[in-house]
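Protein chains in written order, with UniProt numbering: chain A, 1 to 888; chain B, 1 to 888.
Calculated directly from the structure, the hints in this document are not laboratory data. Check the hints yourself; a few may be wrong.
[What the hints assert, rightly or not] Straight-line Cα separation of at most 30 Å, BS3-like style, residue types lysine-lysine; simulated pairs:
id, chain 1, residue 1, chain 2, residue 2
1, B, 837, A, 802
2, A, 447, A, 337
3, B, 802, A, 837
4, A, 15, A, 447
5, B, 94, B, 2
[Stated by the list, open to error] Stretch by stretch, here's where chain A covers chain B in the computed footprint (C-beta under 8 Å, at least three residues):
id, segment
6, 719 to 731
7, 815 to 825
All C-beta atoms, glycine included, are put in the ideal place defined by N, C-alpha and C.
Protein chains: 2
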Amino acid sequence: MKFVYDFTEGNKDLKDLLGGKGANLAEMTRLGLPVPPGFTITTDACRAFLLTGDEPDTLHDEVSAHLDALERRMGRRLGQGDDPLLVSVRSGAKFSMPGMMDTVLNIGLTDESVGALAAQAGDERFAWDSYRRLIQMFGRTVLGIDGGLFEDRIDEARRTAGVATDVELTADRLRALVAEFKEIVVAATGRGFPQDPREQMDLAVRAVFASWNGERARLYRRQERIPNDLGTAVSVCAMVFGNLGPDSGTGVAFTRDPASGHQGVYGDYLANAQGEDVVAGIRNTVPLAELERLDAASYAELLRIMEVLENHYLDLCDIEFTIERGKLWMLQTRVGKRTAAAAFRIAVQLLDQGLIDEREALRRVTGGQLAQLMFPRFSTESEHTPIGTGIAASPGAASGAAVFDSATAVARAAAGERVILVRRETNPDDLDGMIAAQGILTSRGGKTSHAAVVARGMGKTCVCGAEELQVDVAARRLTTADGTVIGEGDVLSIDGASGRVYAGEVPVVPSSVVEYFEGTAAPDADDLVAAVHRLMTLADRERHLGVRANADTAEDAARARRFGGEGVGLCRTEHMFLGDRRELVERLILADGEAEREAALDALLPLQRGDFTELFEAMDGLPVTVRLLDPPLHEFLPDLTDLSVRVALEHDERDTRLLTAVRRLHEQNPMLGLRGVRLGLVVPGLFTMQVRAIAEAAAARRAAGGNPRPEIMIPLVGTVQELEIVRDEAEAVIADVERVTGAALSIPLGTMIELPRAALTAGQIAGSADFFSFGTNDLTQTVWGFSRDDVEASFFTAYLEKGIFGVSPFETIDADGVGSLVRAAVTAGRAARPDLKLGVCGEHGGDPESVHFFHEVGLDYVSCSPFRIPVARLEAGRAATAGATTTP
Amino acid sequence: MKFVYDFTEGNKDLKDLLGGKGANLAEMTRLGLPVPPGFTITTDACRAFLLTGDEPDTLHDEVSAHLDALERRMGRRLGQGDDPLLVSVRSGAKFSMPGMMDTVLNIGLTDESVGALAAQAGDERFAWDSYRRLIQMFGRTVLGIDGGLFEDRIDEARRTAGVATDVELTADRLRALVAEFKEIVVAATGRGFPQDPREQMDLAVRAVFASWNGERARLYRRQERIPNDLGTAVSVCAMVFGNLGPDSGTGVAFTRDPASGHQGVYGDYLANAQGEDVVAGIRNTVPLAELERLDAASYAELLRIMEVLENHYLDLCDIEFTIERGKLWMLQTRVGKRTAAAAFRIAVQLLDQGLIDEREALRRVTGGQLAQLMFPRFSTESEHTPIGTGIAASPGAASGAAVFDSATAVARAAAGERVILVRRETNPDDLDGMIAAQGILTSRGGKTSHAAVVARGMGKTCVCGAEELQVDVAARRLTTADGTVIGEGDVLSIDGASGRVYAGEVPVVPSSVVEYFEGTAAPDADDLVAAVHRLMTLADRERHLGVRANADTAEDAARARRFGGEGVGLCRTEHMFLGDRRELVERLILADGEAEREAALDALLPLQRGDFTELFEAMDGLPVTVRLLDPPLHEFLPDLTDLSVRVALEHDERDTRLLTAVRRLHEQNPMLGLRGVRLGLVVPGLFTMQVRAIAEAAAARRAAGGNPRPEIMIPLVGTVQELEIVRDEAEAVIADVERVTGAALSIPLGTMIELPRAALTAGQIAGSADFFSFGTNDLTQTVWGFSRDDVEASFFTAYLEKGIFGVSPFETIDADGVGSLVRAAVTAGRAARPDLKLGVCGEHGGDPESVHFFHEVGLDYVSCSPFRIPVARLEAGRAATAGATTTP
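Could you put the whole structure together from the sequences, leaning on the hints where they help?
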């Protein structure tokens, strides 16, 4: 087996073997671009090392052969002679992965070669600084020494020298530091810093291999579901130096603006510096265009290379380069990250340029990006200066009065005020406050913190982990890095897309993309809208999946239609039992005997009929799937504990009577209780009242010249017998309405598949169902055995942090568990009934990755909230375009 | 296709085609026994009729041919001539089925043939009574006329004649009744009673076919899971008459005593009567032995036939026969029902006689019968006279003071009194009272009524539907048929095995079978115990499944061992957190910071260690599977509502603090919340404390010379990552204990499979598990999406009544749903890890039908409550004996 590839041997399609970095270095070499020579040790070698704890037998010789070749080509020897060759050792897995060892520069420097480097570079300080950096970086990452030990000595050296920055330390100071660093190495490892250049290199390679199984890397892989057995490659590359004087420098460049997508020259340049310095931000970079003035030849060469790369990769590339004494070297390239708006613009530009075809254009944008473009944003954000920046945890833009505890949030919100809940971190006790607030800001915690997870679940704007902001809950104030104090009631604005936090109110404007979907902006309103319009049109043409809306009212249905919804996939009738009608529902529940119960149902009938008539009118000509009442009855009554306390204190007679009913209906686990079809089978007349309302509404619409297309859906079916009984009753009612009105109503009757048992016996159930709609919310709850309400706040945070979940299974369908049931039910259902219509109406219907799953298992449609319809349309189109993934 | 079989053509193995009745009539004919000639129309004909609504084309001619043959053999014509042939038409499906039309006798009688019959029999009254019976029976069952219309006329005739019974009605009165009956037929159907004998027969056959889809028959099939497409056969048989004088008669006989199983002559005889009269109970039967005196020849012939039948069927047979003027005719035989004790005795007797082999003997008894033998019974029942009899709904024997409402039951039980809850019927509001009572008695409802279902779920004695008892809840009294009044506080005794109800206390004695299992009675204590011992020994030799116990204490473990348990399959540690230790648990839950939490855990550690040490001692040498803490923490705290009310009224400071914790831990659906492995991952130190206690207890036992074999089981795992983390922690703790104590502990670590997701991803989970134990209680809850506590009381009754369930899925495993997941998990788990140990510890582990299922899917063991161990052993042995079913 071949374990080492010269840069001249590989290419960009060998990412599995050479990692992303190595494959792209090889590709650039192959294109004849100026890449410093080097070679890549393959992931095969890493896997062999991880398995056995040792490098493969042949690796050492193979590396020697490649190193020899490199030395011959460069005319220099690694760490030896008058002009010693130095190399960098860089990790590079197939997927970029935080937590793995990254890079060791300057390998080859020793007590001996440091002098040669100084002489060769004509710069004593540069050579000792390079050696200091090597020992520090090698000590920390290869030898595992606490980095703070080195930092402390540098601090001390600066103090002693009376200077502010490392750059001001003299060569002598640096030489002394090297001596101290070497003592640290001896103290920590029991032996001296390796003086054999080849040993330095071998140890660094081995450390990269071992870092694959570092704790953070493993956690990251668990979260991102990256297989554990890929391993990482290691690239060994001849060093070039951007810090050899004013004719040297280093920079990053993009072939297009990654923020807007517009074409042009974008990037930053720092003269007389190494890449490390750019990252450290000690000196300010200049815009890349400045390079033209500093070094016109290198600039022209860079522009030429950027064009070569973009035409070769057919996409925005980002590039790292170094100029060593007037000679341009390419250190890295990859397809560059970009903002959502840029992604849409670039895809359409490349399509217009004829560089990519339409399906490829669809692959270049994601539903996640489209969703970002649909959030409102701050209109004048550029005019404001953020007081801090945190993690963009849940998108949107929100302004409101700062409050520092849940109770205050609830109280002020109840008084009509818009509030932002500010906490160091949140916990389950903050839930009420989070619900009441416009947005949530925390100073601690990452993307998987409680605040972030819960806010995303609620669709609420959240910035978390804004560590430069000091939150003092007791004193009810927030202090910024520059000492500005925001007290309770002061207005804050937070941007959930960028993570920025502003003092005062920043006006919010709606998204132009939403205005386009709403029909209030033309498809060519601006170039972003035009790009979105173009790609949505392509997606609609490609997709096999229909897209319907979860909509309970005529207003929602009308919006869904504007957003491209092709019907209602889920109308939840329970919402029609709330508000003014609560009293009727209470009468139904408290009914003493059949007559009272029927009177309550009779009173509800015309109200329900009215609801459905409006809904069918809004969706005229398109299917409307109405789910019969799902939740348990006690949801329509007061809370048991609250009412018990009230009765104990006030002894009100009506309350006491109510309490008896609440107690009777009380369930330990209402999610697993008397609800859905069970309720329909136990409460006589309830479902038939609803069926009658639907049928009469359809007949009324028909009489008015409309084209109503209702479909009736039975919730929570576990066994076909339940469905058979309800179906018989419903058919009798529909036949009765047809007889009375003379209308020929053809109303399909189907069922939710939202219990494991329904999925497991789908073949039987299909015998009595015209359609299935997968209720993946409930299915996720029962397959995992946890209720969303109870657990998102309690242990999901810990689970995400421990990497047990990569993403909440309520956000993206759990393909291994829940998904396998869906797949089996689709197969069994279609086998039993080839014309069975299949859809999904859980919230997963609007989630990009889940949409791909539903496409793949062959559903007919997804149904989601009206606002998610464009995302679902786009992803459904992308799913039909082979090779599109949901991550950019 | 052949649709009609002469009795001479069929045999007992053709039950699918000829039904049970037809097949056995053919078998007796084949054996040369005196069966009246006849033929059977097949289930194929019935299925064709049900499918098309018409008899198959060829059926009429085929019936004609067989009828001709019958007439030729008898030398008589159906309903014609001087000596008209009469026939009976009887339904007979593969399984006996209430709700189907049963029998029409005397077909062939018309206005004309009634006279010939009178002349031939020499008995005018007999002829007119037979005709009256035909019109009445035919009118009701074939023509669907309300039977009350006929009864009313008979009542009136009796009144007019001034007689008490039908038998006293004269021939003239009966002739007049026939005229009136014929008028009823005309009024109800618009045409006269058919005078064509063949038409009578054809209509009766068609009515039998149609009765297959009668409402009650369909309900019964749904409940008993009998396929809907079997259809019924119809037997047409020449009539013989037992009511032609003192030398005629009718009777039933058993080849052994169905009550005790003892050999001898058992049965009843009624001279000068038809079968109908025996059922109606108008005259008292005499013991069968009396027949010897009345008709020695027939008696001898009957004994000979009984011996033939028993030697042929190799089992207890029950027989219906008629003697017509000194000639014995066999009308029916089948393998007879018997009591549990009889089943055991008979199986061993037949085995001893060499009639059946050992595996067949095992097939002849069931775990359900064994369970009946293990309930305590009334010692002197025979000395008491029941005041009423109801349905034996839930076995056992109970005595106590009669109470008529739940609150009184709770109050009296709390005061230490034993009570029997008496209600017309129960509903969910009676739950507390049912829990408090020794037994439940209702006057309404059947085996699927609320009282029956809930009592069986609780394992509580219950007699329901004792309709002769009048329950007046308002007046707090029960009135028997003879007017005896039982008031509140008066002692009642109920026998859940027989359904009998007694006034006063009947002493209860333990079962001798239980004494045998306990070791306090010798294996030959009595002939029943000897039979049980013999068959248990056979079962243990045959079975592949191991049988363990669900036992939480050393006492339970010791009993389990006596009952034949081969280890503990489930030790629930939550019980160890109750009682005196509640306070420590409260400290753990209310802990403010790590130190307090650790202090609470440290205090619990030695207590847990002590528990385990005792348990391992009791099960020395056998495996003990300990499940780490499963329930949510709030189960160890007071109820939220109760505490809220108390705090609102009393403002106690400690309570207020407690309320905060209860609120924090409160979950809407605790079953779907923070429990099991989730709790272990979120509460630091909890699981490791338990693991340490187990390991230290094992080390202590090892040091004391014992052989502890603990296994640690992680509850509620949904994904392998959870298991991996807990496993890593547990292994570290065990290694630490090994290091400290020097004991080499080899403790397998496994998981419950009790969530659908665990079953669906069993292949992954097996990678980190040494064993699986299927938790089929929770699996049933999540697969069906209902919680046992909530739904058994609310909708299970309705579901059983509507036939949605045949049996509660918590009693017998739902093979189609839950079972399919178990099967898939077994396959995937073993594929991933061939040495994976597989067991089940849900309550299904002791249910006969479920044990067969677990045997069939290939588990290694079942675990059940100690008391169910003998049942599981027996059924495991029977399951290994091909062809054994769980119903007798």
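Here is how each hint holds up against the structure:
1. A C-alpha spacing of about 28 Å is found between residue 837/B and residue 802/A, which places the hinted pair at or below 30 Å, so the restraint holds.
2. Taking the CA atoms of residue 447/A and residue 337/A, the gap is about 19 Å. The hint holds against a cut of 30 Å.
3. A C-alpha spacing of about 28 Å is found between residue 802/B and residue 837/A, which places the hinted pair at or below 30 Å, so the restraint holds.
4. Simply put, residue 15/A and residue 447/A have alpha-carbon atoms about 28 Å apart, close enough for the 30 Å limit, and the pair holds.
5. Between residue 94/B and residue 2/B the CA atoms are separated by roughly 18 Å; this keeps the pair inside 30 Å, and the hint holds.
6. With 4 residues carrying a beta carbon less than 8 Å from a beta carbon of chain A, the segment 719 to 731 of chain B meets the three-residue requirement, and the given coverage holds.
7. With a threshold of 8 Å between beta carbons, the proposed coverage of the segment 815 to 825 of chain B by chain A holds, since 5 of its residues qualify and at least three are required.
Violated hints for the displayed structure: none, as all numbered hints are satisfied.
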